[in-house]
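Q: Just so you know, the protein sequences line up as chains A and B, in that order. The numbering of the first sequence is my numbering, which starts it at 746 and goes up by one. The numbering of the second sequence is my numbering, which starts it at 746 and goes up by one.
Treat the hints with care, since some could be wrong.
All copies of an identical chain are treated as equivalent in the list; a pair is satisfied when it fits inside any one copy or across any two copies.
To be verified - Mimicking BS3-like on lysine-lysine, the simulated pairs with C-alpha atoms at most 25 Å apart in a straight line are:
| id | residue 1 | residue 2 |
| --- | --- | --- |
| 1 | 835 | 943 |
| 2 | 835 | 904 |
| 3 | 931 | 904 |
| 4 | 768 | 814 |
| 5 | 943 | 822 |
| 6 | 767 | 835 |
| 7 | 943 | 776 |
| 8 | 822 | 806 |
| 9 | 943 | 772 |
| 10 | 814 | 863 |
In case anyone wonders, no lab produced these hints; they're calculated from the structure.
2 protein chains.
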Amino acid sequence: MKPRTDAEHNERMKKIQAAQAKKIATKTVEKGLLIVHTGNGKGKSSSAFGMAARSIGHGMKVGIVQFVKGTIDTGEKRFFDRFPDEIEFKRMGEGFTWDTQDRARDIAAARAGWEEVKRMIADPAYALVIADELNIVLRYDYLPVEEVLEAVTARAEMKHVIITGRNAPQALIDAADLVTEMTEVKHPFRTQNVRAQKGIEF
Amino acid sequence: MKPRTDAEHNERMKKIQAAQAKKIATKTVEKGLLIVHTGNGKGKSSSAFGMAARSIGHGMKVGIVQFVKGTIDTGEKRFFDRFPDEIEFKRMGEGFTWDTQDRARDIAAARAGWEEVKRMIADPAYALVIADELNIVLRYDYLPVEEVLEAVTARAEMKHVIITGRNAPQALIDAADLVTEMTEVKHPFRTQNVRAQKGIEF
Numbered sequence: 746m747k748p749r750t751d752a753e754h755n756e757r758m759k760k761i762q763a764a765q766a767k768k769i770a771t772k773t774v775e776k777g778l779l780i781v782h783t784g785n786g787k788g789k790s791s792s793a794f795g796m797a798a799r800s801i802g803h804g805m806k807v808g809i810v811q812f813v814k815g816t817i818d819t820g821e822k823r824f825f826d827r828f829p830d831e832i833e834f835k836r837m838g839e840g841f842t843w844d845t846q847d848r849a850r851d852i853a854a855a856r857a858g859w860e861e862v863k864r865m866i867a868d869p870a871y872a873l874v875i876a877d878e879l880n881i882v883l884r885y886d887y888l889p890v891e892e893v894l895e896a897v898t899a900r901a902e903m904k905h906v907i908i909t910g911r912n913a914p915q916a917l918i919d920a921a922d923l924v925t926e927m928t929e930v931k932h933p934f935r936t937q938n939v940r941a942q943k944g945i946e947f
Numbered sequence: 746m747k748p749r750t751d752a753e754h755n756e757r758m759k760k761i762q763a764a765q766a767k768k769i770a771t772k773t774v775e776k777g778l779l780i781v782h783t784g785n786g787k788g789k790s791s792s793a794f795g796m797a798a799r800s801i802g803h804g805m806k807v808g809i810v811q812f813v814k815g816t817i818d819t820g821e822k823r824f825f826d827r828f829p830d831e832i833e834f835k836r837m838g839e840g841f842t843w844d845t846q847d848r849a850r851d852i853a854a855a856r857a858g859w860e861e862v863k864r865m866i867a868d869p870a871y872a873l874v875i876a877d878e879l880n881i882v883l884r885y886d887y888l889p890v891e892e893v894l895e896a897v898t899a900r901a902e903m904k905h906v907i908i909t910g911r912n913a914p915q916a917l918i919d920a921a922d923l924v925t926e927m928t929e930v931k932h933p934f935r936t937q938n939v940r941a942q943k944g945i946e947f
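Next comes chain A alone, as it looks inside the complex:
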């Protein structure tokens, strides 16, 4: 990693470049990805929003359905709502399920959100569809995972779908193309009593 001379450095970099070129040459498949962001760490939703920003930058239309986080005034909602022709941003549900304390209402909200996701997946206008916190809904059995698998499996070839939230069901991980686990190494909530910070966590 730390060669001593510039000549050694350049020699090593030539080798890495050749290895990279060889690796990239085998990667020729273009396809829409089923992406899952899970784990107990930060970055599951924000990474999906970063990919939304990237997609809009490339002229691709994005659909976002946010489950669970119904009532929070979030920066992502404020920002993305400025571009109604490029991104459709729906928020479903009336907050965390421990706040609503009404399972029937939560289930109805989950169902309504899922219908929006299905509509966006079926609509060729959307290149990327994000189902934010859908894993929470699946975890509470508010929606059968089979129904989610059916819709994502039947998606158009170039359509990207991102599903976020802790505790992704194994069946979804098995079906996914790209799965990342966000692992908490250090969190100021616990160690420093820092509250959720605007711009970072919402």
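Place chain B on chain A using the hints.
A: What follows is chain B alone, placed relative to chain A:
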């Protein structure tokens, strides 16, 4: 997790709500966070961009300096460049170090990028500063980690700084408030020969 009746559900949710309220009540500290995204998985940069979107949504000004990824036509650059009053987006370096094969030039680019980051950290106008892929630069010893620690430690109380990239140095992790490791569970590059997809990876 899966109570049988609605009454059981509501009872359980009341308990979770009370526990959440108690936990949140202890979280009263407001502070600018030093955030590190590391690990070999996806989502380190995109999550930082998602936080940039959130911050802009809340009217906070953002500065981004992107190391290493000099020449790629990325969606994030295209998108964020549309808002020059709200975000300053600088790209430094001329690509991956194995492509430039010129250590002196890489070091000069790293230094120039770091000067931009320092300027943004020192400028009260920026609420969030993102040093994207800075860990790579540190890994190659193109910049001493001590200098980075000095600048981030001296930052204003409410300033957020995000540093991304694999192999974050331990000294940086020790100094950080919030550290997430993006862990690769499944990647289509390896398993399906899928190439980097527009909107998702760049």
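Q: Hints broken by the structure, by number, lowest first?
A: The structure conflicts with hint 6 only, although it agrees with all the remaining ones.
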